[in-house]
Amino acid sequence: MKDRRNCCRWQINWQGQIGFADKDNLTPCHISDINFKGIRVCLNETLDRDTYLSLNIFLAGDCSLQVEAWVAWHKVVEGRNHYGLLFSRITNADKEKIYAFIRRNFQQQINRQWWQASAAEKGGEDMDDRRIFERLSVRLPLRFINPGENKEGKAVTRDISAKGIGMVLNEELAPFTPLEVWLNVPDKGEPIYARGEVVWSKKAGADKYMAGVDLQKADLMGVSRVLRTI
Numbered sequence: 212m213k214d215r216r217n218c219c220r221w222q223i224n225w226q227g228q229i230g231f232a233d234k235d236n237l238t239p240c241h242i243s244d245i246n247f248k249g250i251r252v253c254l255n256e257t258l259d260r261d262t263y264l265s266l267n268i269f270l271a272g273d274c275s276l277q278v279e280a281w282v283a284w285h286k287v288v289e290g291r292n293h294y295g296l297l298f299s300r301i302t303n304a305d306k307e308k309i310y311a312f313i314r315r316n317f318q319q320q321i322n323r324q325w326w327q328a329s330a331a332e333k334g335g336e337d338m339d340d341r342r343i344f345e346r347l348s349v350r351l352p353l354r355f356i357n358p359g360e361n362k363e364g365k366a367v368t369r370d371i372s373a374k375g376i377g378m379v380l381n382e383e384l385a386p387f388t389p390l391e392v393w394l395n396v397p398d399k400g401e402p403i404y405a406r407g408e409v410v411w412s413k414k415a416g417a418d419k420y421m422a423g424v425d426l427q428k429a430d431l432m433g434v435s436r437v438l439r440t441i
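Take 212 as the starting number for the sequence shown in the numbering used here and just add one per residue.
It is worth saying that the hints were derived from the structure and are not from the lab.
None of the values given here were measured: they were computed from a predicted structure.
Careful: at least some of the hints might be erroneous.
[Stated by the list, open to error] Below, in silico cross-link-like pairs of lysine-lysine (BS3-like), each with a Cα-Cα straight-line distance of 25 Å or less: (1) K286 / K234; (2) K365 / K286; (3) K374 / K413; (4) K419 / K374; (5) K399 / K365; (6) K374 / K362; (7) K374 / K399; (8) K362 / K308.
[Said to hold, decoys possible] The following label-pair restraints were derived from C-beta to C-beta distances: (9) N236 / C274: 15 to 25 Å; (10) T238 / R314: 25 to 35 Å; (11) R350 / Q319: 17 to 27 Å; (12) V410 / N303: 19 to 29 Å; (13) V410 / E256: 36 to 46 Å; (14) K362 / Q318: 50 to 60 Å.
The beta carbon of each residue, even a glycine, is placed where N, CA and C say it ideally should be.
Hey, can you work out the whole structure from these sequences and the hints?
Rendered as structure tokens:
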């Protein structure tokens, strides 16, 4: 049941308010949907894409959330700004507030979404959100250094997500090996830098190995740059 709650996207069409850390006044907003990973809102404010924001989201008089969110996408529909905000920090207490708010105001929707096919099963989940967290199959060159041995190497990515990199290389890397990685993205920008740790490695042919690297910190900005090149 907990997994089902985590993946549901509650379509609420609700009038709420958002407080920004650098502004005293609350901003009215229309909330299209919400779940524990993010929120889709429509408001008059102009927000910069690929930025982190500290927000107070007021769903109702007794339900406010204090979160940090990343502006993942922006669309203009009939002259109004629509944004997808992905929560980069949200407490368990605020997740319970969201669930209590949905249960109190949208009980029929809970019953429908839990006991019928989910939006993801129907292919209805928003691609902008899904592609951020899915592993993207993409071939990009990268350099890495094992700081413990001061050893440098080269590889090619198999797939990338906000929290990991799968890569193909000509040498074996033992699990738990720390790495510093520079990923070349063909967008004329600087290489994406990240730190991580090898979590698995296996032989994939003559003088060829595959390895999976778990990144220390989710790099949503980096994934956004990759998305624009494929």
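Hint-by-hint comparison with the structure:
1. K286 / K234: holds (23 Å)
2. K365 / K286: violated (38 Å)
3. K374 / K413: Judged against 25 Å, a Cα distance of about 20 Å means the pair holds.
4. K419 / K374: The given pair, whose Cα atoms are some 24 Å apart, holds under the 25 Å limit.
5. K399 / K365: OK: K399 and K365 at ~20 Å, within 25 Å.
6. K374 / K362: holds (23 Å)
7. K374 / K399: Status holds; Cα separation ~23 Å.
8. K362 / K308: Given that 25 Å is the threshold and the Cα spacing comes to 48 Å, the pair is violated.
9. N236 / C274: 15 to 25 Å: At roughly 20 Å between Cβ atoms, C274 and N236 fall inside 15 to 25 Å, so the hint holds.
10. T238 / R314: 25 to 35 Å: holds (26 Å)
11. R350 / Q319: 17 to 27 Å: violated (46 Å)
12. V410 / N303: 19 to 29 Å: At 26 Å between Cβs, range holds.
13. V410 / E256: 36 to 46 Å: holds (40 Å)
14. K362 / Q318: 50 to 60 Å: The hinted range 50 to 60 Å holds for K362 and Q318, with Cβ atoms some 58 Å apart.
Of the numbered hints stated above, those contradicted by the structure are hints 2, 8 and 11, listed in ascending order.
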